[in-house]
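Spelled out from the first residue to the last, the chains are:
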Amino acid sequence: MAEDQVIVGLEVHCQLDTKSKLFCGCSTDYRSDGPNTHVCPVCLGLPGAMPVLNKRSIEYAMKVAKALNCTVLNESEFSRKNYFYPDLDKAYQITQYDKPLAEGGYLEIESDEGGERRIQLTRIHVEEDPGRLVHMGNAERGKYSLVDYNRAGIPLIEIVSEPDMRSPKEARKFLNKLRATLEYLNVFDSDKEGSLRVDANISIKGNERVEVKNITSYKGVEKALTYEVTRQKNQIRRGQRIERETRHFIESTGITQSSRSKEQEHDYRYFPEPDLRPLHVLSWVEGIVLPELPDARRERFVLQYGCSLNHARTLTGELKLANFFEGVVAADPKGLSTLAATWIADTLIGELNFRSMNLDKVDAAGFTGLIGILKMDTITDKMCVEILRDFLDRAKKGLHYETPAEIMDRLKIRKVVLLSGTASSTSSVYANLVVGDPITDVIREQPQAVEDYYKGKKGAFNFLIGQVMKKTRGCADPGELNRLLTEALKKREA
Amino acid sequence: MESQKLTFEPDDRYNAFLTICKKAPYSNGKLSGIAVAVKDNISTKGIETTCASKILKGYIPPYDAHAVELLRKAGAAIVGKTNMDEFGMGTTTENSAFGPTLNPCDTGRVPGGSSGGSAAAVASNMVQMALGTDTGGSIRCPAAFCGIVGLKPTYGRVSRYGLIAYANSLEQIGPMGRTVNDVSALMQVIAGKDRHDSTTYDRPYTHTPVADVKELKIGIPEEYFGEGVDPKVAGVVKTAIGRLEELGATTVPCSIPSMKFALAAYYVTCTCEASSNLARFDGVRYGPAADTKKSWHEAYKEVRRAGFGTEVRRRIMLGTFALSSGYYGKYYAKAQVARENVKADFKRLFSEVDLIAGPTMPTIAFRLKEKSDPLSMYLSDILTVPANLAGIPAISVPCGKSDGMPVGLQIMGRPFEDECVIDAAFAYEQAVN
Amino acid sequence: MVTEKDVEHIAELADIGINTDELGTFTNQFNAILDYFDVLDQVKGDTTVTRDLSNIMREDIVEPSLPRDEVLKNAAAQEDGFIKAPRVM
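Sequence lines, in order, name chains X, G and U.
Last residue of the first sequence? That's 494 in this note's numbering, and every number before it is there in order.
Last residue of the second sequence? That's 1433 in this note's numbering, and every number before it is there in order.
Last residue of the third sequence? That's 2089 in this note's numbering, and every number before it is there in order.
Among the hints, erroneous ones may be present.
[As the list claims (entries may be wrong)] Dumping the calculated DSBU-like pairs for lysine-lysine here, alpha-carbon to alpha-carbon at most 35 Å:
hint, chain 1, residue 1, chain 2, residue 2
1, G, K1343, G, K1238
2, G, K1293, X, K213
3, X, K491, X, K470
4, X, K99, G, K1193
5, G, K1294, U, K2084
[What the hints assert, rightly or not] Among the chain X residues that face chain G by a calculated CB cut under 10 Å, a handful are:
hint, residue
6, G45
7, F271
8, V385
[Stated by the list, open to error] Label pairs and their calculated CB-CB ranges:
hint, chain 1, residue 1, chain 2, residue 2, range
9, U, E2063, X, E140, 40 to 48 Å
10, X, S308, U, D2080, 48 to 56 Å
11, G, E1245, U, V2039, 31 to 39 Å
12, U, T2003, X, N234, 41 to 49 Å
13, U, D2038, G, N1028, 54 to 62 Å
14, X, V134, U, V2039, 35 to 43 Å
15, G, P1253, U, E2063, 48 to 56 Å
The hints are simulated quantities; they were obtained by calculation from the structure and are not laboratory data.
Note that CB positions come from ideal geometry on N, CA and C, so glycine has one too.
Please take these sequences and the hints and turn them into a complete structure.
Written as structure tokens, this is what we have:
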């Protein structure tokens, strides 16, 4: 297996969630506005304009450096990376080169075998985002580009890992953990479109490495790398050499493509940015108070709420999810946490993903109410899912808000209380809603099946269960039905 | 503050101006109604700013340079934009895409550069004062050649915001005028910290010139009177230094050994920075149109070949080479070490002397087209670039004539002692007038 | 010594555009200038650059951007609020 060892390193670019841009006072809140509405002489690269560093961007980057256990350099500085591209207003990007903000550090992820694995980091630095290009035209009428400089100058933090990951899945885990950490630090908003971009280096041990650029989503990383692993392994199997090259990930098709256009060879001619002064911020580290980070919160969830390790990991994997969980159980942590953890981690997340819905749209009080109803044992798990789906659909469509209890009434969802001879369910507050005695009815109507059951025929019991369920339109609690039917059959035999 | 208009319709026979504002608005203030010319590499809101380059033809800045904003606030009437060597790259103002400026003292000669238009406008009395910029002598050289006063302030004392960068780490905007008093008055307006320029210091200039050099110790570096310096020019300057001694200053011979590397360090640094600064001129956001049907490199090459003059292209390429992979260490990095040596030399000297004096330029103004070889042109900057490398203040004040042409006395001082430099120049000026 | 090929390569890096009839002159001039720059080989040591100002930063405060017509007015071509640029694909 050793010769098939996959080696992955990532360069992750995240937009820092500041109010103004990295080097000017233009607002970073540009996504809902038209092109070129958030630009000024500085971020448009007008002749004579000069950058002035946004302090908060450095404070944010320092938080990240501390949280990721990096070593902050005594002196760091900005450099110019020179290259021509229409989205680059000054024809150089102000970034950090030989004196980054911080070096080293690590991030722990859950390894594929379970347990923690430490991914070493190379460095982190701060740089500016270029503008955005829209590709226009066609081959016959001529192609051209349109440029929107609203994004130009948005602060980015670049986090570079060592080639420490061993699979595309680990790369995804690294990215998820990194995102969670940045969110916990309150320096990054992963919901913002295009707020994250990843370049990946991937190789099969003993072969040249390939750089995959243009990955713009969390899922994209695993997809792009999985494609690359297959491609590279196939190539090796066929006895072909892996070429050291840069490839672009095409999100829509999930494949990577060689950047065949023979661009100028890269010679970025870095040199220190003469319009900015060096940074001496090592002394800030001590004063930075870090919030509770994902690992600590996970451990707390296990201890405080009795969550399983898996549930705790899932719930703390996203800041909003963890906050949502704690909000739901706040009123009655002892009574609700197990149920809430299960329902959020195992059901709610899936239902939201299915609907491409954001957790923000879920009313926590409503969800708490639903868990409360479930807790009182007045609905079955299946009913709970049905109510939840309706609840989410309404929220997604923006319909008038209904509480889960109201949804229950509207859908006429009730757990049917089964009365069968002397056996009866007493746990329900809806005892007045008994609809006949379906168990006794079925035993009367299906003598053959009952006989088969006494003869020990497999399937007879399940058939009878099915018949009762049919009568109750699926509203019976399966466990309870099982118990009551067994009792009734036993009683009849006697 | 009511806005008034100054009518400005000069006979610009020296081609000093690229743009003339015939009705220049002005307001109340320290410079109320005074006609001030601004070099065309300094951004002026609503007034075409070209750096004397075809690549910026038609460019109207949507903002004022900080120095211009301060000028307007002080009530000055900005009457026009002056000619220059394209992007400041030259010592003659012949490298303008819009024709050379002529020296008012002798129209067969250059006014010096790169702020030749500003110098000619002042020397010919079209304006009382002007803003120039000085990257390697671009204020002092034309001041010397045209017989006016020009100050390159301490680096960081005047905001560069809005100055279209040629070599950021070297250049400063500075005042030019016929008298030291005018230069000082203009300096009062433009100096000070600017939040848009991270390299400025909170060191405003509130000084009024005092004609006093008593007890000042002036270093006379041997390199400023050595090989390459016209003996006649050297003679005129020595006489002027004699006047300073008569006024009570003492002079001591000294040496700046790092002068050996200074010019190379200067040209490596400025071309490297320029290659990056001028990369943005690609015909997309401003300037003549790039052909959007072409691929970007092709379109950019076309625009840049047509838009930049030969000297600009030469310096961009030199800088690109000096920064390129494999050469950074030999050129850029070494130039920075050499620059530190120059700074160290000045620091050592200024622990012993208060000022350093010598000629501004090794010769009088060149004849038009006299300097055709780039290297020989570069060599004429040898006496001015040390002040830029060290970031120290330096003034050129007229100190007599050689072959009928003006000669400039250059006085350099400690960082942020622009006042002391001004006072010495003022003392000399008052003594000879 | 730089060759004409080197100069062509530099021109390529700088997107400067160079005509073949200019190559010879530029190459000769570069060699003369670079010869002169060789004096830097005699500079000893690798002193780090001294810059006395550090940590010059601004507060994270939003300031007005330019009106869009000011942004677009100097651009040679525009379309729907975008600035038109050469193709990259």
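Going through the hints against the structure:
Note on K1343(G) and K1238(G): the hinted pairing holds, with a Cα-Cα distance of about 25 Å set against a maximum of 35 Å. As the CA atoms of K1293(G) and K213(X) are separated by approximately 26 Å, the hinted pair is consistent with the 35 Å bound. With a CA separation close to 23 Å, the supplied pair K491(X) and K470(X) stays within the 35 Å bound. The hinted pair formed by K99(X) and K1193(G) meets the criterion: a straight-line CA distance of about 27 Å does not exceed 35 Å.
With a CA separation close to 12 Å, the supplied pair K1294(G) and K2084(U) stays within the 35 Å bound. A least Cβ separation of about 5 Å between G45(X) and chain G falls short of the 10 Å threshold, and the interface hint therefore holds. This hint holds: F271(X) has a C-beta 6 Å from the nearest C-beta of chain G, less than the 10 Å allowed. Proximity of V385(X) to chain G is violated relative to the hint, the smallest CB-CB distance being about 54 Å (cut-off 10 Å).
A beta carbon spacing of about 45 Å between E2063(U) and E140(X) agrees with the range 40 to 48 Å that was offered as a hint. For the hinted restraint 48 to 56 Å between S308(X) and D2080(U), the CB-CB distance of approximately 53 Å keeps it satisfied. Roughly 34 Å separates the CB atoms of E1245(G) and V2039(U), a value that falls within the hinted 31 to 39 Å. For T2003(U) paired with N234(X), a C-beta distance near 43 Å keeps the hint of 41 to 49 Å intact.
Hint check: D2038(U) to N1028(G), Cβ distance near 57 Å, so the stated range 54 to 62 Å holds. Taking the beta carbon of each, V134(X) and V2039(U) are about 50 Å apart, not inside 35 to 43 Å as hinted. Checking the proposed 48 to 56 Å range against P1253(G) and E2063(U) shows it holds: the Cβ atoms sit about 54 Å from each other.
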